[in-house]
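K.L.:
Here are the chains, one letter per residue:
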Amino acid sequence: MNRNYIFLTILMIILAAGTVFLTMDSEPKQIEPEELLQEIIQPTRYVSTDQVAKMIIQGDPSLMLVDVRSEEEFAKYSLPRSINIPIKNLLSDGNLGYFGVPGTKVVFISDDDIKADQMWVFVKRLGFGSTYVMKGGLNCWMQTIIDPERPSDDAPYKDFETYTFRKGAQMYFTGAGADVPDASKIDVLVRRREKTNIASGGC
Amino acid sequence: MSKDKVISDQPKYINPYLGGVLLGLLIIVTVFITGRGLGASGSIKSAVVTTSSTVAPSATKANSYMGQFISDDHSPMFNWLVFESFGVLLGGLLSGLIFGRVKKFRTDHGPKITSKKRWVIALIGGALFGIGSQFGRGCTSGAALSGSATFALGGVIVMFGIFGTGYVIAYFFRKLWI
Amino acid sequence: MGPLIPNGIIGEGWDFVIAILIGIAFGFILEAAGFSSSRNLAGVFYGYNFVVLRVFFTALIVAMVGLMYFDYFGWLDLSKIFILPTYVTPMIVGGVIMGLGFILGGYCPGTSFTGIAIGKLDALFFTIGLYVGIFGFSLAFPLFEGFYDSGALGNVTLTDVTGIPASYFALAFTIVALAAFWGTMVIEKRVRKNMKQYKF
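Listed in order, the protein sequences are those of chains X, V and L. As numbered in the working numbering, residues 1 to 203 make up the first sequence, in order. As numbered in the working numbering, residues 1 to 178 make up the second sequence, in order. As numbered in the working numbering, residues 1 to 200 make up the third sequence, in order.
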């Protein structure tokens, strides 16, 4: 019986050590096109600006914000704790190392969400999970967090709760009570959108 | 081969390492199918909420802890853990039948205390465990084992808390067991 | 592929059927290993029966290593599974209280169910105690609600907090567990020399 136990002990050590060597593998593998298409159709990759604001405020250590705009745009304005990986730099500078870390949630940000979506598809194609896109991008961030819209008086109570949270987030991110940051410094691309109710969450 | 003194009526148990491997595989299968680990204390919590809500519905809903688990569409017992725990009961019964351990009612107790004393202490132990499991967001199966297996920090904290404390205080309660 | 139900590969209607089946397997393994008797469970703290350590630790390292392989082969998306949320101080306190409850009660909730199944009355009293304790907790909750929610770190993993990849933890736990298995064999032999019966 002791010999069996020695064998099992060695086997277990080999298996466990094996996991360490396997995860050192840095070869980017690609996923099947059908799987990629499946993932693209699902809207589960979107997180709202409210969710991102909450994670930043709570100091959620699993959050990793990746800004996919150019270096100049990033230098002009960026979210706290975000890193800048322009889409063209995805495969260079060892940037791939930021993805696939177990337990982290990568959230892509761009002006609206088009570039962020593109980046998401690229990264998804390389097989990385736990990646998300902030819906509406920085434009939506401005409209919901930096300058939230007060709900009309007959709006449901939930909208007021959201508004209260956003006012608090506004204070956190702009460091001012009722002040609004100098709008001329922030280059926001405004697009005409269908009338959605900003106060209740969408952009 | 082994120098153990074998008493003829010692119960038959499976090899503990085999049991551990099976349990580990079960955790993997559970996570693979359901995306969550095992659990047990949650079902008692559901039972508490359900019975309390049957007896005093508005007070239960107003209670800031139990109120969270009240839903308008379904009973709190309609919950994954409750069904799993019922399965645990059945599985234990099945194993007991197979290995011949389902017998008349009996009580385990250390040689230095009586059955009745054991019942009282088990009750107190259960109450403490119940309270602790709510702070810990789980018990040994849910938080310590399944939590740690999925590398959750909370699971590891609870695991060290339970076993660490056990070892520290075991000496003071040795009369209960040895 | 996995996790199957959250990914919609298995319909949600199967949820409770699977729950019962998994529970049956769980209960069977626990009882078959001897966890239905409180004296076996308490043995780990007194050195005469290390079954708890062996089963628990083996299950832990098998699950950890197994999950790592499942992730590597792409069978399981680890980012979609439930990670226990961390509340540092309440969980430490909860662990301590549970440790005390374990030494006194000799059971934990899952094992107490298997104990009831085979007719152990102390398991029944333990379970009743669980009910009473949780009910009491709920009633007293407003007193410590703030404490209950304190120390919240979110659903963090060991990797989130330390930056060390999970596989290193799996290896570390494995080595410690294996060392403990060999070490406790020696301890058990010594403690059992003075006891007539050590499996209950």
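I should point out that these hints are in silico values taken from the structure, not numbers from a laboratory. Treat the hints with caution; some may be incorrect.
To be verified - Straight-line distance between alpha carbons at most 20 Å, and here's what the computed SDA-like set of lysine to any residue pairs gives:
#1 Lys54(X) / Lys105(X)
#2 Lys61(V) / Ala179(L)
#3 Lys80(L) / Val101(X)
#4 Lys117(V) / Leu124(L)
#5 Lys80(L) / Leu36(X)
#6 Lys124(X) / Val101(X)
#7 Lys158(X) / Tyr167(V)
#8 Lys124(X) / Leu124(L)
#9 Lys117(V) / Tyr171(V)
#10 Lys105(X) / Asp60(X)
#11 Lys61(V) / Tyr131(L)
#12 Lys117(V) / Val102(V)
#13 Lys124(X) / Ile83(X)
#14 Lys189(L) / Thr107(V)
#15 Lys189(L) / Ala179(L)
#16 Lys189(L) / Phe173(L)
#17 Lys54(X) / Leu124(L)
#18 Lys175(V) / Arg192(L)
What the hints assert, rightly or not - Partial selection, computed: residues in chain L whose CB lies under 8 Å from chain V:
#19 Ile20
#20 Tyr46
#21 Ile83
#22 Ile134
#23 Leu143
#24 Ala152
The structure presented is a predicted model; accordingly, all values stated were derived computationally and were not measured. Ideal placement from N, C-alpha and C gives every residue a C-beta, glycine not left out.
K.L.:
Could you run down the list of hints and mark each one as holding or not?
P.N.:
The hints, checked one at a time:
Annotation: proposed proximity of Lys54(X) to Lys105(X) holds, straight-line Cα distance about 14 Å (limit 20 Å). Proposed proximity of Lys61(V) and Ala179(L) is contradicted: the alpha carbons are some 50 Å apart, above 20 Å. The hinted pair formed by Lys80(L) and Val101(X) meets the criterion: a straight-line CA distance of about 14 Å does not exceed 20 Å. A C-alpha spacing of about 14 Å is found between Lys117(V) and Leu124(L), which places the hinted pair at or below 20 Å, so the restraint holds.
Our distance criterion of 20 Å between C-alpha atoms is met by Lys80(L) and Leu36(X), whose separation comes to about 17 Å. Restraint check for Lys124(X) and Val101(X): the C-alpha separation of about 14 Å stays at or below 20 Å, so the hint holds. For a cut-off of 20 Å, the pair hint linking Lys158(X) to Tyr167(V) is broken: about 49 Å separates their Cα positions. For the given pair, Lys124(X) sits about 51 Å from Leu124(L) by alpha-carbon distance, which is inconsistent with the 20 Å threshold.
Between the alpha carbons of Lys117(V) and Tyr171(V) the distance comes to roughly 19 Å, so the proposed pair stays at or under 20 Å and holds. The hinted pair formed by Lys105(X) and Asp60(X) meets the criterion: a straight-line CA distance of about 10 Å does not exceed 20 Å. For the given pair, Lys61(V) sits about 18 Å from Tyr131(L) by alpha-carbon distance, which is consistent with the 20 Å threshold. For the suggested pair Lys117(V) and Val102(V), the alpha carbons sit about 23 Å apart, so the restraint of at most 20 Å is broken.
Between Lys124(X) and Ile83(X) the alpha-carbon distance is near 19 Å, which keeps this suggested pair within the 20 Å criterion. Distance check on the hinted pair: Lys189(L) and Thr107(V) sit about 26 Å apart at the alpha-carbon level, beyond 20 Å; violated. At most 20 Å may separate the alpha-carbon atoms for a hinted pair to count; Lys189(L) and Ala179(L) meet this at roughly 16 Å. Straight-line distance between C-alpha atoms of Lys189(L) and Phe173(L) comes to about 24 Å, which puts the hinted pair past the 20 Å bound.
Of the pairs offered as hints, the one joining Lys54(X) and Leu124(L) is violated, with about 44 Å between alpha carbons and a cut-off of 20 Å exceeded. Pair hint Lys175(V) plus Arg192(L) holds up; C-alpha atoms about 17 Å apart against a cutoff of 20 Å. With a cut of 8 Å, the hint placing Ile20(L) at the interface with chain V holds, because the nearest CB-to-CB distance is about 4 Å. At a threshold of 8 Å, the smallest CB-CB gap from Tyr46(L) to chain V is about 5 Å, leaving the interface hint in force.
Annotation: Ile83(L) was flagged as interfacial toward chain V, and the flag holds, the nearest CB pair being 5 Å apart, inside 8 Å. The closest approach between the C-beta of Ile134(L) and any C-beta of chain V is roughly 4 Å, which is under the 8 Å cut-off, so the hint is satisfied. Against a cut-off of 8 Å between C-beta atoms, the interface hint on Leu143(L) is violated, since the closest Cβ of chain V lies about 11 Å away. Below 8 Å, beta-carbon pairs count as interface contacts, and Ala152(L) has none with chain V, the closest being about 10 Å; its hint is therefore violated.
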